[in-house]
Every structure is written in structure tokens, then in C-alpha cells.
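Student: Please construct the entire structure, taking both the sequences and the accompanying hints into account.
4 protein chains.
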Amino acid sequence: MAKSRFEYVKEFEKENYLLQNCYIIIRIDGKNFHKFSKEYQFEKPNDSRALNLMNKASLSLFSKFNDVIMAYGDSDEYSFLLRKNTVLYERRESKLNSIFVSFFTAYYNHYWNEFFPDNPLDVNRLPTFDSRCILYPSAENVKDYFKWRQVDCHINNLYNTTFWTLIEKGKLSPKEAENKLIGTLSSDKNEILFSQFGINYNNEKEIYKKGTIITRDYNYNKSNKEIENENENENKNKNTGKIFEVNLTERQKQRENKKIKRAKILIEHIDLIKDDFWKEKSIF
Amino acid sequence: MAKSRFEYVKEFEKENYLLQNCYIIIRIDGKNFHKFSKEYQFEKPNDSRALNLMNKASLSLFSKFNDVIMAYGDSDEYSFLLRKNTVLYERRESKLNSIFVSFFTAYYNHYWNEFFPDNPLDVNRLPTFDSRCILYPSAENVKDYFKWRQVDCHINNLYNTTFWTLIEKGKLSPKEAENKLIGTLSSDKNEILFSQFGINYNNEKEIYKKGTIITRDYNYNKSNKEIENENENENKNKNTGKIFEVNLTERQKQRENKKIKRAKILIEHIDLIKDDFWKEKSIF
Amino acid sequence: MAKSRFEYVKEFEKENYLLQNCYIIIRIDGKNFHKFSKEYQFEKPNDSRALNLMNKASLSLFSKFNDVIMAYGDSDEYSFLLRKNTVLYERRESKLNSIFVSFFTAYYNHYWNEFFPDNPLDVNRLPTFDSRCILYPSAENVKDYFKWRQVDCHINNLYNTTFWTLIEKGKLSPKEAENKLIGTLSSDKNEILFSQFGINYNNEKEIYKKGTIITRDYNYNKSNKEIENENENENKNKNTGKIFEVNLTERQKQRENKKIKRAKILIEHIDLIKDDFWKEKSIF
Amino acid sequence: MAKSRFEYVKEFEKENYLLQNCYIIIRIDGKNFHKFSKEYQFEKPNDSRALNLMNKASLSLFSKFNDVIMAYGDSDEYSFLLRKNTVLYERRESKLNSIFVSFFTAYYNHYWNEFFPDNPLDVNRLPTFDSRCILYPSAENVKDYFKWRQVDCHINNLYNTTFWTLIEKGKLSPKEAENKLIGTLSSDKNEILFSQFGINYNNEKEIYKKGTIITRDYNYNKSNKEIENENENENKNKNTGKIFEVNLTERQKQRENKKIKRAKILIEHIDLIKDDFWKEKSIF
Chain Y
1 MAKSRFEYVK EFEKENYLLQ NCYIIIRIDG KNFHKFSKEY QFEKPNDSRA LNLMNKASLS
61 LFSKFNDVIM AYGDSDEYSF LLRKNTVLYE RRESKLNSIF VSFFTAYYNH YWNEFFPDNP
121 LDVNRLPTFD SRCILYPSAE NVKDYFKWRQ VDCHINNLYN TTFWTLIEKG KLSPKEAENK
181 LIGTLSSDKN EILFSQFGIN YNNEKEIYKK GTIITRDYNY NKSNKEIENE NENENKNKNT
241 GKIFEVNLTE RQKQRENKKI KRAKILIEHI DLIKDDFWKE KSIF
Chain U
1 MAKSRFEYVK EFEKENYLLQ NCYIIIRIDG KNFHKFSKEY QFEKPNDSRA LNLMNKASLS
61 LFSKFNDVIM AYGDSDEYSF LLRKNTVLYE RRESKLNSIF VSFFTAYYNH YWNEFFPDNP
121 LDVNRLPTFD SRCILYPSAE NVKDYFKWRQ VDCHINNLYN TTFWTLIEKG KLSPKEAENK
181 LIGTLSSDKN EILFSQFGIN YNNEKEIYKK GTIITRDYNY NKSNKEIENE NENENKNKNT
241 GKIFEVNLTE RQKQRENKKI KRAKILIEHI DLIKDDFWKE KSIF
Chain C
1 MAKSRFEYVK EFEKENYLLQ NCYIIIRIDG KNFHKFSKEY QFEKPNDSRA LNLMNKASLS
61 LFSKFNDVIM AYGDSDEYSF LLRKNTVLYE RRESKLNSIF VSFFTAYYNH YWNEFFPDNP
121 LDVNRLPTFD SRCILYPSAE NVKDYFKWRQ VDCHINNLYN TTFWTLIEKG KLSPKEAENK
181 LIGTLSSDKN EILFSQFGIN YNNEKEIYKK GTIITRDYNY NKSNKEIENE NENENKNKNT
241 GKIFEVNLTE RQKQRENKKI KRAKILIEHI DLIKDDFWKE KSIF
Chain S
1 MAKSRFEYVK EFEKENYLLQ NCYIIIRIDG KNFHKFSKEY QFEKPNDSRA LNLMNKASLS
61 LFSKFNDVIM AYGDSDEYSF LLRKNTVLYE RRESKLNSIF VSFFTAYYNH YWNEFFPDNP
121 LDVNRLPTFD SRCILYPSAE NVKDYFKWRQ VDCHINNLYN TTFWTLIEKG KLSPKEAENK
181 LIGTLSSDKN EILFSQFGIN YNNEKEIYKK GTIITRDYNY NKSNKEIENE NENENKNKNT
241 GKIFEVNLTE RQKQRENKKI KRAKILIEHI DLIKDDFWKE KSIF
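Heads up: the protein sequence lines correspond to chains Y, U, C and S, in order. With the working numbering, letter number 46 in the first sequence gets 46, and the count goes up by one each step, no holes. With the working numbering, letter number 134 in the second sequence gets 134, and the count goes up by one each step, no holes. With the working numbering, letter number 77 in the third sequence gets 77, and the count goes up by one each step, no holes. With the working numbering, letter number 228 in the fourth sequence gets 228, and the count goes up by one each step, no holes.
Read the hints as simulated data drawn from the structure, not as lab findings. Just so we're clear, the structure is a prediction, and the values are computed from it rather than from any experiment. A portion of the hints provided could be inaccurate.
Intra- or inter-copy, both count: the list cannot distinguish identical chains.
[What the hints assert, rightly or not] Dumping the calculated DSSO-like pairs for lysine-lysine here, alpha-carbon to alpha-carbon at most 30 Å:
hint: 1; residue 1: Lys-274; residue 2: Lys-171
hint: 2; residue 1: Lys-258; residue 2: Lys-209
hint: 3; residue 1: Lys-189; residue 2: Lys-253
hint: 4; residue 1: Lys-175; residue 2: Lys-205
hint: 5; residue 1: Lys-261; residue 2: Lys-175
hint: 6; residue 1: Lys-258; residue 2: Lys-35
hint: 7; residue 1: Lys-38; residue 2: Lys-253
hint: 8; residue 1: Lys-209; residue 2: Lys-264
hint: 9; residue 1: Lys-35; residue 2: Lys-261
hint: 10; residue 1: Lys-205; residue 2: Lys-10
hint: 11; residue 1: Lys-38; residue 2: Lys-169
hint: 12; residue 1: Lys-189; residue 2: Lys-175
hint: 13; residue 1: Lys-259; residue 2: Lys-274
hint: 14; residue 1: Lys-38; residue 2: Lys-258
hint: 15; residue 1: Lys-95; residue 2: Lys-64
hint: 16; residue 1: Lys-259; residue 2: Lys-35
hint: 17; residue 1: Lys-253; residue 2: Lys-64
hint: 18; residue 1: Lys-95; residue 2: Lys-205
hint: 19; residue 1: Lys-259; residue 2: Lys-281
hint: 20; residue 1: Lys-56; residue 2: Lys-10
hint: 21; residue 1: Lys-38; residue 2: Lys-56
Tutor: Right under this line is the structure:
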């Protein structure tokens, strides 16, 4: 049987190799989660079970890939940052995009019963996600990306908290609540919450206001001597912008992997807009 | 809080709108299924439960999207053909790619227990998939694509059937079996099966030899008069290569959707390399 | 000297191989020709010397590349159609785009003095061009592309003819002429020309109204027997949509090239919107 | 006349907007210059007239675009570096690529007679060029790019100098010279030149050994006070990696343009592999 007669079709497949020396962010978004959250009766404005499920799925994905150096999520979305010199799947966009969203979907579906034991999944409404890869050439861009997402989390959460308080405590209809909030500033929403309902927005849970940050603490359980040595080694390679993996010896690679395995994974709900966050973390 | 200061990062997101008037094929592949199938003790060379699970997940995905007009799968892969004028997700590659693989992953994980009731999924080894979008400008290319996959199915299945028969019935080690098959033609493998083990390859199950084809039979349950009318209407639009949706009236769209909903979904294990298949199906 | 230390930068170069089995159109546009035409005092609304120069440059480019099967131009733009199975420069977008525009620029500058002997080129205002590659999957799309350009030529020429007649014969200022034409239909412009100035637009030169079409007449100087034989051979390969060059014998390639070399190049100013044009030409 | 019926074809045009916050290098290469240089009898191994013509064309292009901050060329190629935040032609790849190569072609053809007064251009052998855009995310990558090209210049020039000396002074045939050089190191070639022909390679012209570098000296003709002020202003914007043009006031833009216009353009043939070059220039 002539195999070759049809095989020419393979040449129509095109790989997009993502530009080298750029950070890759893969952002995963819940598909139609506005409707999905209603169907499974998520609590409003925030459902802790749903957020914890997102976090657990993300944590599993984070642990799976050493090249993911940070993740941030809120609501039904999560962003995963890959180090700028990663050669994971040869930086092929389709591979990275599909494998990340496939893992995320598998984990989310798998963990569902743990968080929603009384709401079994309906096969006609399974949770699914879309995703995309984004390239950022500089650490500055990456920081601004995460700041953008955290500002967005804050803005949405303040809006949703006020909106649902107006409905649940203020007995407004959704339409009335919406109208009341048109054109309001952050300060106005804070004022509504405080003066009408005695709610101090600052006291809301940090996970709602700040979202969730996943990072690795590489210094965990490590002697000062070890830390010094590593800093020295790293400074040699730093900022060269080259795909230096090629030149790493096997021993260096093993040491690098060991370092990552030993690192403690941190889950935090803290401010990343101020510079302090980035100074403290050893991400860039 | 200055939202705009960070929002510039959004401009780094790039959409790839897939070329219009081309067929889109989305192919989904099991990630590391060679190893995965060992861990969950799939039967060799073919595990009917695993194939039926692939087929059920694909059928669910097929039913979900009216714009998928044909699907073909064997082993741990499945290809979905979208009609050439689809505007699903505006033909954005990342959206199509991620949403298809996410749905597939969700269905596959969800149906697992139905097919493997005694092998519950281990969270550290969940089934995941990668995927890619491929563009084909002509019906001829699309036919050749599916022929390529079916030839591949046949070649692999003949090899695997012979390989595993040599091991299980011939008591060879995997290495010995591999060596014995080096350089053999199809006819040699047929001969080994027949003369040494009395197996006529032609009598193997069609699903193993041909894979699985999913299509819609639009003429199901339809009067001859209706069929005639539709043919007439279609001929008007045919082959114009234009994104004609824009000009479809609401009534036409409803009629089109109704036609798809009413169609019977066919699951077959038949030859698609000969022209007969394509003549009979109303895919192009 | 360590050559390899820097050579990694080569990997940042990305080739875009244009999708196979699609027609490629390369459209070249004069850069800033609105201003350029004023500086070199082109006649308005049409300058025959400038059009003939565009045509001569295009003809030279057309003759240079056997894979260009048709060209169409008007005003300061020209579109070159490459056959759908061309492997010119391996279908690399940057190569095709840059080489075509470079040849065009060289020819245009070279021929300038022949058409504008009294207007020598000023080095600060040399004629330059931009260009782009566009993919079309079907012959239908390609026909519609050229129809689009010819309709555009007609619309612009009718407008410009009326506009400049109002200025030159009607003694209106440019602003007055512009205002008079706002909201007018083709019929209105025809009427203005005829009733006010006694100009029958239909009698304008065909090159102005229709632009210029360059094709090859392969049947030129050929016996009927030869034509019959070729038709037979072509029907065998036709519409397969495969990159069939690979399988052409050396003898077939030579015969093909000979056929192209022997063909007569036609330059015409005729209607290509009606089907007659496409039926007569053996382009698809 | 129904314009809209065909206009859908416009949607097949795809723009590639080059990733923001990356340096863009446009490299222009002579098309078939190996053959071209023979036809116009260029001197070997280096023809000063040809190099000066390349340099003059590049200088004209450099002067045309304020966003080009450096250029480097040798032999028949030239690379132009655009600043990383340029929004020239909205960073559209096809526009940048075609316009640069078109300008270069126009200038090269225009200046030809000045450098080769006795070799008029033959219309069948006009000089043409191809070009490509390359993205580099970091200054380090850009430096390595230019180092790569200068190392290449050196290697080629040493080879060519030895090769042609063996032919012209050593009376070897081209084939014999080629064979003699197979497997030789730089030191071997230096030795051949010196011991056999008394040529000290170090004394060869710098333009041959180092190629040509074009930059701007912004501090030219400027008071110390002015320099200080500018440094201060620049430090504010530096390294933010943002498309800051958007926020520049009109006054700032004017000042920026004035600064560029006033700058002195430098043409040098010096080493750029050592760090000194980059420290001295204010490119990054």
C-alpha cells in the first residue's frame, strides 16, 4: 500500500516556535463560566470552594512543570509564567497551549467532587477552558502583566462585592443594583458598602481582593553557605539572554532540578503591585 | 487606582485568524499514551474499552459543534474536520485549539469509569492530550489527509497485531519479535500471522483495521421532496468560496441548524481510501 | 576566534512558508505616490507616461518569473499572481515579498528616463514601493480579487475624471469640485461629464477605465495537434492540489519551461469582471 | 456597480505586527551577487567602489529613518537596527521589509554610475536585493548579532584575501587555491600570506577586515549643560519597556526629532566585538 501518496499532507502542518529569550505566559480562562457558575450555584460574589478548586488544579499544574516559575489566578482564570529560556516542547505554541489547558481541565474535573461533593458534574455541562500563549520580552513587561491582572481582580471584586451586597442586603434587583453602580468610582463603592451596610472593604478576605500567587521558595531548608554559592553561580549566567541550556553540563542540570524539587511551593494572597513583592521574590 | 498604566501589556497578545475558505482539521493526540496505556494495563495490540472511550469522547465533541462535519480516529488520536467557511470563534487558532482539547479531555476523563470501572484514575497519571490546527485549501487535500491517517492505522495495526501475536502466541520476547519484523513487508506479516498462527488478518475487527469514522446523515428521516429542494438550494451557494454566512438570512440559518440537529450521527469502521466513500457522503 | 559564541542569534530568524496549494498574489503599491506624482508633475487625472512606465516595469518582472501567470495594474499599484503550486523561493514570504519589490523598484527607476526624459529623478525623491503577499485558496477567490481591483480602478477613474474636468474645464477649485461630488452615484458623475462638458465617459481610453492585464498566450504559434496533446496531459494533473513538481520528470519540466518561453505575452485593457474573460484565458 | 460583492477578498490580507518591546533588525542581501560581481567585473577579493556604493546607499537609508539607530554592512549585505519601541509603519512586517528593500534598491541603482562610471547597468542584470526582519528581545542579543556579522566579515575576508593572493600572486588555479585552504585555521592563512607573499594581514584596510558601522553621535556640537539635561530626561523613560511614544507630549517629540536631526552621522570601520565599542556608543 502506497503510504507516500498521501503523506504530502503532513507538510501543511505549521509549527510556531515562540520567539527565544522571551518570557511565555499561558493564560487559562473558564469557558462560559458566567453561566457555568449559575448552573452549579456558585456563591456570589465569591465562592471559596470554586477558588480553592482553581488553586488546587493550578498547583498541580505548577508542580508538574519545573519551568513554570510563577502563577497568578483569580475568578475563573489563571496565568502561568515560564522562564524566558525554557525549551519546553521546543517552545512550540500549539503544544504548550494544548498541553497546559488539557492538564488544567483534567485536574479541575478530577478535583471537582472534593470541593463540590453535593453538586456532581453533569456530562452536558462539564467545566472546560480556553487558553493562549503570550510573549513578553522583558521582566518589566511581565511584572506589569501580573499587576494588570491583580488590578483587574481588585476592580472586579469591589464591583461584585458592592453589586451583590446591594442585592442580598439592600434587596435591590440586579437591574437596580447595576444602575446604581453606573459611573461610580472605587471610593463611591467603598462608601456604599460602609455607610449603607457597615462593611469595611479592607476587611474582606485577601484571597478575594488580591487573588492567588504561586511561587517557589528556593531557599527553603538551605544553609547560608549554599545560598551564597548559588548566587555566585547564577550571576555568571544572568542576563546573557542566551539559550544557555545547551551548554549546561549534565551535573549542572541535575543540580538545577534538585534545587527546584527541594524548593517549597508558596501560595499567597498578597500585593504584587508594589515593588516590594518583586524585590523579595527571586523570579527575575 | 490607575488601571491604564499596566493595560498596555494586553497589546502583546496576538491572534492568529486562520486563513478563510480553508478547511480546518483539529487533531488531538494522547500525551504519552504509550506509557499511559501500560500504566492502566490496556490490552495489546488493541484495547476495545480504550477505543470505545476515545470514540465516546469524540462523539460528544462532534455533537457539540455543528461546524464539525467529519471526524476520524484510531489508537490515541482523533481528527476533527470543520467546514471550510466556519466562523467558529472567528477562526482564532488559540481558541479553537484550546477549547477542542479541553472538551476532549473533560469528556475522556468523565467517561473513564464507564469503560474502566476497575481501574480508577490516579491523579498523578490523568489522561491528557495535545492538539493542533491544520489548514487545507481543497477537498482533495482533506480526503488525502484522512486517507493518510487510515493508511497509518492499517500499517500500525498490522505491525502491532503481528508483534503481539509473536509475543503472546509465539512466546518471543519483545526484542525478538521486533527483530523478526525488521524489513518485513505487509505481505510478510500477513504470511507470518497465517502460516504460523492460523490467523487471517482480513478477519480482524474492522474497528482495528480501519479506525472509526463519524459523520452526519442529513437525509435521515427526510422525504424525497425535501432532499430535492435542498440540493437545489445548495447548488446556488456551492463552491463560491465566500464567507457566505454574512449574507444568510435568519430563516436560512435556522433551517440549516434544524437540518444538522435532525441529522443522524453515523459511526462507521469502513474504507475511506477508495472514492466510493467520498461519493456516498455529502461532505464536500 | 570563536564563531559559535554569537551564532545562536541566527535561530531568532523565522521563515513564514506560505500555505501550500494556495494562490499567492504579490501586490506592489507606490509609496506616497499622491505626493510623488505632484512633485514630478504627473498629468491629471491620468498620466500615460506614468502608466506606461508601471506597465513596462511590470512586464519586465512578469517575464522574469515563469511562475507569475497573470498581472493586473492600474494607477500606482500592480498585482502579480503566482500559480498555486509554485515553489519559488520555497514559498518563503520574506524572500518573495522583498525580491519582487526590489526588482520592481529597480526596473521602475531604470526606465524612468525613457518615459520622463525631461524630469530627471531627484535622489531625495526616488520612486519606492511597498508590497505584500496574499494567499487565496481557490480560483474563485483569485477571480474576485482581480474583479475587486478592476472595479476599484473604474470607480477611482470615474471620480478622478469628473473631479479634474470640473477643475480644468469647469474652473472649480479642488475644494468646490470635491464638495460637488460628495454623495454622487456613478450615474450622476456620468451625467455631469456628459451634460456639462459633452464628455461621454464610455469613450475614455480603455487603459484608464480598465487598467492593464498581463497574461501569456500559450497557444501562440502552435499547431492544433500540439494543443490537443497538451490539453490531455494537463487534465491528468489538474485539480489534484498536490505539489506535483516533485514528481515531474526532467523532461516534463523542460517541456513546461519551453512552453512558457514560447508563449506570447499579452497586454490588454479589457473587462475581467464578466465570466468571458476567465473562460477564454487558460489561467485556472 | 456592486463594489461590495468582491470586497470580501480584502479580509484574506494578514498583517504581522512585530512583537512590541523588541529590537527589529532588517537585513538586506544582494541577490545573486556572486554572479553579479563577476558580470560587472568587481575587483577581488574586495572592490572598494562596490563597498562604497553599498555604504552610500545605506547612509541614505539611515538618514531617511530616525528610528534606525545603527547599521552594519560588509560585502553585499547590510543590517539596519530599529530602536525597540519604534512604531514605524505600526511595526507591520511586510511594510517594513518591503519599504526598506525598495529604498535600498532605488539608492543603489541611482548611485551606480557615480561609482562605476565605465560599467553602465544592463537592464537584464540590474542589482536587486532580498531582505528580512528579525526580532531581538534584548540589547545583549543585538550586540551578539552584530558581533556575529563582524566575525563573519573577518572570516570571509581572511579566506578571500588568501584565496585571491594564491591565485593572483601564487599563480594557482581557483581549484588549487580552494584545495590548499581546506581545513586551514586562521593562523594558517595568516602564515601563508606572510611567509609566501610577505603580506601582513593586520595591515589590510580596516573596511575590509571590519566592515562598516553607521551610528549617530547625538552629543555633537552640544553644550555640557545640554548633555546633562538629556541624560536626566532619558533616565526617567529608560528600560520601562513600554510603548512610551503614546505618552510623549508634542514638545517632547519635537525635541527628540531635533536631537536626531542635529546628530552627526558617523561611518566607522572599527572593532565592535570588544565591549569598549558598546560602552562608548549611546545605542542602548
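Student: Against this structure, judge whether each hint is valid.
Tutor: Results of checking the hints against the structure:
1. In the homo-oligomer, the alpha carbons of Lys-274 and Lys-171 never lie at most 30 Å apart, since the shortest distance is 37 Å inside one protomer and 67 Å across protomers.
2. In this assembly of identical chains, the alpha carbons of Lys-258 and Lys-209 never lie at most 30 Å apart, being 35 Å within a copy and 46 Å across copies at closest.
3. For a Cα distance limit of 30 Å, the shortest separation of Lys-189 from Lys-253 qualifies neither inside one copy, at 52 Å, nor across copies, at 39 Å.
4. Only within a single protomer do Lys-175 and Lys-205 lie at most 30 Å apart by alpha-carbon distance; the minimum there is 27 Å, versus 60 Å between protomers.
5. Within a single copy, Lys-261 and Lys-175 get their C-alpha atoms no closer than 51 Å, and across copies no closer than 35 Å, so neither meets the 30 Å cut-off.
6. Proximity of Lys-258 to Lys-35 under the C-alpha cut-off of 30 Å is restricted to the inter-copy arrangement: shortest distance 24 Å between copies versus 43 Å within a copy.
7. With identical chains, the CA atoms of Lys-38 and Lys-253 are at most 30 Å apart between copies only, with a shortest distance of 29 Å across copies and 47 Å within one.
8. In the homo-oligomer, the alpha carbons of Lys-209 and Lys-264 lie at most 30 Å apart inside one protomer (24 Å), although the nearest pairing across protomers, at 50 Å, exceeds that limit.
9. In this assembly of identical chains, Lys-35 and Lys-261 lie within 30 Å of each other by CA distance solely across copies; the values are 23 Å between and 39 Å within a copy.
10. Proximity of Lys-205 to Lys-10 under the C-alpha cut-off of 30 Å is restricted to the inter-copy arrangement: shortest distance 28 Å between copies versus 52 Å within a copy.
11. For a Cα distance limit of 30 Å, the shortest separation of Lys-38 from Lys-169 inside one copy, 20 Å, qualifies, whereas the shortest one across copies, 56 Å, does not.
12. When the C-alpha separation of Lys-189 and Lys-175 is checked against a cutoff of 30 Å, the pair qualifies only within one copy, where the shortest distance is 17 Å, while the shortest distance between copies is 53 Å.
13. Taking identical chains as interchangeable, the C-alpha atoms of Lys-259 and Lys-274 lie at most 30 Å apart only when both belong to the same chain, with a minimum of 28 Å there against 35 Å between chains.
14. With identical chains, the CA atoms of Lys-38 and Lys-258 are at most 30 Å apart between copies only, with a shortest distance of 28 Å across copies and 44 Å within one.
15. When the C-alpha separation of Lys-95 and Lys-64 is checked against a cutoff of 30 Å, the pair qualifies both within a copy, at 15 Å, and between copies, at 23 Å.
16. In this homomeric assembly, Lys-259 and Lys-35 come within 30 Å of each other (Cα to Cα) only across copies, at 27 Å, whereas the closest approach inside a single copy is 42 Å.
17. In this assembly of identical chains, the alpha carbons of Lys-253 and Lys-64 lie at most 30 Å apart only when taken from the same copy (17 Å versus 45 Å across copies).
18. For the identical chains of this complex, Lys-95 and Lys-205 are neighbours neither inside a copy (37 Å) nor across copies (33 Å), given an alpha-carbon limit of 30 Å.
19. Only within a single protomer do Lys-259 and Lys-281 lie at most 30 Å apart by alpha-carbon distance; the minimum there is 16 Å, versus 40 Å between protomers.
20. With identical chains, the CA atoms of Lys-56 and Lys-10 are at most 30 Å apart between copies only, with a shortest distance of 27 Å across copies and 38 Å within one.
21. When the C-alpha separation of Lys-38 and Lys-56 is checked against a cutoff of 30 Å, the pair qualifies both within a copy, at 21 Å, and between copies, at 27 Å.
The structure does not agree with the numbered hints 1, 2, 3, 5 and 18 stated previously, though it agrees with the rest.
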